[in-house]
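K.L.:
Take a look at the letters that make up each chain.
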Amino acid sequence: MRSKVLAVLSLASMIPTLYMIFFFAPTEVTMGNIQRIFYFHVPLATGGYVSALLLFVGCVMFLTKRDLKWDRFGACAAELGVVFVSAQIVTGMIWAKPVWGIWWTFDARLTLQLVLDLIFIAYFMLRAYLPDREKRAKLSSVFGLLGMVDVPFNYFAIYMFPTQHPQPVLGPAGGGVDADMGTTLTVSFIAFGFLYAYLLDRRLAIARVEEEIDYLKQVVFAHE
Amino acid sequence: MRPAAAIVVKDIVIEMRSKESLSSTTMFGVLVLVIFNFAFEPSSLERALIAPGTLWVAISFAAILGLNRSLAMEIDNDCLQGLLLAPLSRGDVYLGKVASNFTFMIIAELVILPVFVIFNNLKFNLQFLEIAAITCLATFAIASVGTILSTISANTRMKEVMLPVLQIPLTVPVVIAAVDATGRVLTGETKEISSWLYLLAGFSIVYLTVSYLVFEFAVEE
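Those protein sequence lines, which keep their order, are chains B and D. With the first letter of the first sequence counted as 1, position 187 gets the number 187 in our numbering; the numbers rise by one all the way through. Start counting at 1 in the second sequence, then tack on 224, and there's your number in our numbering.
Everything labelled a hint here was simulated from the structure, so no lab data went into it. Wrong hints could be hidden among the right ones.
DMTMM-like, lysine to aspartate or glutamate: derived pairs with alpha carbons at most 20 Å apart [said to hold, decoys possible]: (1) D:383 to D:302; (2) B:135 to B:67; (3) B:135 to D:444; (4) D:383 to B:134; (5) B:69 to B:134; (6) B:135 to D:445; (7) B:217 to B:132; (8) B:65 to D:444; (9) B:135 to D:384; (10) D:234 to D:300; (11) B:69 to B:201; (12) D:383 to B:132; (13) B:65 to B:134; (14) D:347 to D:270; (15) B:65 to D:300; (16) B:69 to B:210; (17) D:347 to D:302; (18) D:383 to D:244; (19) B:65 to D:445; (20) B:135 to D:440; (21) B:135 to D:413; (22) D:234 to D:244.
Predicted model only: the values in this text are computed from it and were never measured.
Input sequences plus hints: build the corresponding full structure.
P.N.:
Next up, the structure:
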């Protein structure tokens with residue numbers, strides 16, 4: 001039931017979002033149409049940070065409660081983290097090619113996101129090489145915790161370097177955006193929020209089934 | 225403090241008898257410096273720009289090698305079991321291993337740093353204190369996070385291969401701080417390194433505390 005509601009909500013919010021991004025939002029003066037990718041890029045980045053936070057919560061909860069449910073939760077959040085951060089990096093590249101003239105530069109913000117992505121991927125590599133379920137949960141939770149503690153340090157280290165990435169337009173230090181652009185971004189945030197919740201819910205359900213299959217396999221092989 | 229010291233003494237005694245870990249890590253660090261000189265063939269101007277980077281790549285790679293060795297040594301003859309059976313808290317075992325890894329890395333750096341100075345035609349009296357502060361803090365940061373990560377990776381099927389995959393992304397802030405601070409010392413802007421030193425110190429303290437608390441999960445059977 002919950003997943004159906006989330007599916008309907010994300011579909012229902014995604015359609016007007018797409019309409020607003022491509023028709024309602026005004027065209028940016030200097031960059032032109034390519035700027036519209038901003039409405040995808042920013043919510044994707046936020047999704048990446050939400051994943052980092054959820055992975056942190058999952059790891060801490062697993063280490064304190066020892067319930068495999070939290071390990072699954074952390075792993076699913078981290079998987080969405082890889083998807084969202086990678087998508088964010090790719091949309092950033094598509095934007096950077098016409099605007100900066102290059103796909104990639106080791107600039108502060110880009111490096112920050114890349115390192116976050118690499119930590120998520122390292123977390124999965126570690127899980128893949130730990131066949132034992134309990135051990136996998138324990139060790140990957142320790143690593144996930146250490147990895148997410150790293151995020152603020154990365155932030156400080158990298159922000160002490162000069163950047164050419166556009167400064168944040170929202171928030172106290174930002175210059176603000178056109179009202180219609182602001183509305184489009186807000187709607188986009190809502191749509192991506194529903195999408196994120198839907199994907200996480202589905203992924204958790206799949207993870208539960210996977211675990212059940214693993215358990216049944218063991219039972220069957222034990223009887224043979 | 226005493227149990228940690230006992231672990232350091234134990235590791236030093238083993239190293240003095242086997243003489244395998246320290247020599248190979250030091251040699252590896254020096255070789256990385258040599259390779260970089262071939263790879264870039266820097267002129268004297270470019271040298272100032274890339275030198276700090278080569279130094280810290282050499283140190284962090286050598287550290288990974290040493291950390292792998294340090295845990296493999298414990299696992300080989302089930303020494304880790306013995307260590308865990310000893311009447312110490314798991315956190316103390318962690319602190320002891322951090323201290324011994326730190327000691328070995330510093331000894332290796334005592335060779336790597338002079339070689340670095342000679343290869344790059346720098347002056348030996350160059351801001352000794354600043355370089356010592358950066359090196360000690362960054363090495364401690366690498367040792368504090370590397371010790372627990374090497375324990376994790378030793379439990380996997382891939383063992384040696386896993387550690388760099390886990391460690392390199394996590395030590396990005398340390399390497400950034402160390403490279404930039406070293407670069408500033410080499411170009412004489414020593415006043416601006418204090419914020420990097422704070423970052424390194426903060427990183428070490430946070431990782432030491434978190435790892436101290438979660439180390440028992442990493443060694444538990």
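K.L.:
Against the structure, test the hints numbered earlier, and report the numbers of the ones violated in rising order.
P.N.:
15, 17, 21
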